[in-house]
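Using the hints, position chains R and X against chain Z.
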Amino acid sequence: MKALTTLIAMSGFLREYLTVLVFGAAAVAMVGAMLGAGSLLRPKRAQLQKYISYESGVDPVGTGWSQSQIRYYLFGLLFVMFEVETVFIFPWAVRLEDLGLFGLVEMVVFIAILALGLLYAWRKGVLRWM
Amino acid sequence: MLAAGDPLFADGVDLTVVLIVIAKTVVVFGAMLVSVLLLIWFERKLVADMQARIGPNRAGKFGVLQTLADGIKLFFKEDFLPTQADRRVYRLAPYLATVPAFLSFAIVPIGGTVTIAGHQTRLQLADPPVGILFLLAMSSIAVYGVMLAGWSSGSKYPLLGAVRGSAQMVSYEAALGLSTVAVVLVTGSLLTSDIVAGQSGEGLFGIIPNWNVLRLGFIPFVVFFIAGTAESNRPPFDLVEAEQELVGGFHTEYSALRFALFFLAEFMNTITISAIMVTLFLGGPSGPGPDSGLIGALLPVFWFLLKVFAMLCVFVWLRATLPRFRYDRLMDLGWKKLIPLSLAWLLIQAAFLVDVKWGIVVFTGAAVMGVLLWRAMEVGHGATEHEAPAPPKFQEVR
Amino acid sequence: MTPALSITATAILAVATKVDIAVFAACVVIVLCGAIGVVVSRNPVHAALFLVLTLFGMAVLFVAQEAHFLAAVQVIVYAGAIVVLFLFVIMLLGVDREENVMAEPLRGQRPLAFLLGAIALAEIFLLAQGTQWATGATQVAGPAGGPGSNVEKLARVIFTRYLLAFEVTSVLLVIAVVGAVVLARRYETTATESPAAAQVEEPQSPRSEAPLSAAPPPAAPDESHPDESHPDESQPAGEPDAAPSGAR
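Residue numbers (our numbering), protein chains in the order written: chain Z, 1 to 130; chain R, 1001 to 1398; chain X, 2001 to 2248.
Read the hints as simulated data drawn from the structure, not as lab findings. Hints are supplied without guarantee of correctness; some may be wrong.
[Claimed, not checked] What the simulated footprint calls covered on chain X by chain Z, stretch by stretch (three residues with Cβ under 8 Å from a Cβ of chain Z suffice, anywhere in the stretch; the number is not a length):
1) 2079-2085
2) 2109-2118
3) 2159-2168
[Said to hold, decoys possible] Straight-line alpha carbon distances no greater than 30 Å define the calculated DSS-like cross-link-like pairs of lysine-lysine that follow:
4) R/K1061 - Z/K50
5) Z/K50 - R/K1336
6) Z/K124 - R/K1336
Idealized CB from N, CA, C, for every residue including glycine.
Pulled out of the complex, with its shape left as it was, chain Z reads as follows (with noise of 0.2 Å):
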């Protein structure tokens, strides 16, 4: 046992998620059973009128998946534009203050950058959803 238990101390991942995965593994576990206790409970009538997707209450015309519109996927890219921005600020604002004066400048000109990018999104109109 004690062995076993150090040698889990010795790796770090295990150390550091530990925690994380048994609450991950019991919120799993929870939604399983009770999808699992559900399964057995509920009562299972087919009728395949049950089964067809709702459409307010009219039979569906043609399937369910059509096309979107590309301005969602303008949206994601701006959005991973700043999530990589977001990802690059986080150790910067770890460090600020070693970094000081000269790690301002750095930031500024990035966030000036990244926000002509979203500036020209504005101006073309891209961010007016209509």
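Just chains R and X, lined up with the frame of chain Z:
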């Protein structure tokens, strides 16, 4: 460099430690489930009060068991799997919605350090080295729950709700991340335990608390609050399931327990986002009281719960007060207001941290730029935007 | 519990290595299953989900290497943003049909893929022999990179040694956005001109409560079908430029 973690793991992991971990997990897990049940009841009751109704009053005293009754009922309801649906993804989606909602709570510090069975441990489930980034990671996984639930149903309303909702969630996730950076900036660490420790102690004049909401000048808090509301799809940002437009939104085709799981996840997210807000901006478990003894161990938990409860009340209040946003307004708010504002505020704050005079320079610069941009974007260009909104275009306003 | 065995440091290390190997093996299985799933899935959404699985396994591998920040970035940026972008593209294309994996859009791409894959693999082995590029022993942010946490070390090198690369990243991102905006606007212009081609089977949104506007008819004409010659009472005169095509 793992020294900063929970003291529980400092001298190896033996059986007691594993048991403590499991005990902590079970207690928090159970508490979260119970609080979700209570929150749903509380929300219905409070909204009823605000609308001069009575609300649930049958099951149990004051109807407090209403949610439990509803939940039990859903166990006995037939579950449909539409023929059009993509079966595997349809079954996977409830997991993807529920599990991240639980997991993000793991990084929230609930109380101070206590000693259980000879082991010192923090009243916090996990303190991973990535700290608050864990929240962002989980909220990016949570998008999949909504997106895949809607897509896999193979039906039109859910698809619309899903695309809408995922675009909304990603838009506000950017603002959420940027307002979190402000907290990291003053703390100098990603760990939630450090963020809470940085807010303990006394602030100005000895009475005003040293909370980040005050230290950061409100703006990151407001941005985080709005973004968090949108991220958890709470009203007034519940466009994902706008029932007047999309029937049930992304979970239209879900019934019985699978539907209940989405419902659970939504309220879980509300609790989690309140707890994260308390952690980041409202001092976490810090509050007046003795440092040692039983009271010293329990009082922080009390303060934490009190603050979370206050935040939850605000969320319910918002729901009772505000009408739902229109989708174009929602996107406007996210991209044209919250993101530029949080970026500018971040730079101003960083400049003040480096040197006060640079702070003033950057502040002036940002203010001038802001005014110029406002004129360029809104007054010069978007004249039509402030007139009567364009007539409804069915394919596009969604 | 058990009699306290005196374990030598080497023994602990050996077992601990075994745990790490177990974690590594589990991750490898996850990553490879995901990767194979991406290739063989007929449904693009399933492929995207398998990609998420692969990325997640990679993140766990990064954690096992104590690259915690990189793991978080992996989940946030790749799983959280880029695959979501993929999914938007898939939904934009409205792909509901399963693709035939045996179809070859490009002639000869299959043998070429095997050839290039083999070359890449050979390169990795070659590099691992001679230098440390492939194994990354000359790391700057790992345990050997000096004091401070993973994030702090990364910050130190990003904002000093790799400053130019850092700033150029922002330019790259802006270029991507500009490109997408230009392409999307062209798409939308064509969409407005030939509605049938672009908006196949677009479901009518059940949006019955129209936003308060000057004169909203209960069922306003659809703007992207301008040639259907509706009586355009909802559209103020001279305003068609405010419609999707013009103002942008």
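Here is how each hint holds up against the structure:
no.: 1; hint: 2079-2085; in the structure: holds (count 5)
no.: 2; hint: 2109-2118; in the structure: violated (count 0)
no.: 3; hint: 2159-2168; in the structure: holds (count 4)
no.: 4; hint: R/K1061 - Z/K50; in the structure: violated, 37 Å
no.: 5; hint: Z/K50 - R/K1336; in the structure: violated, 44 Å
no.: 6; hint: Z/K124 - R/K1336; in the structure: holds, 13 Å
Of the numbered hints stated above, those contradicted by the structure are hints 2, 4 and 5, listed in ascending order.
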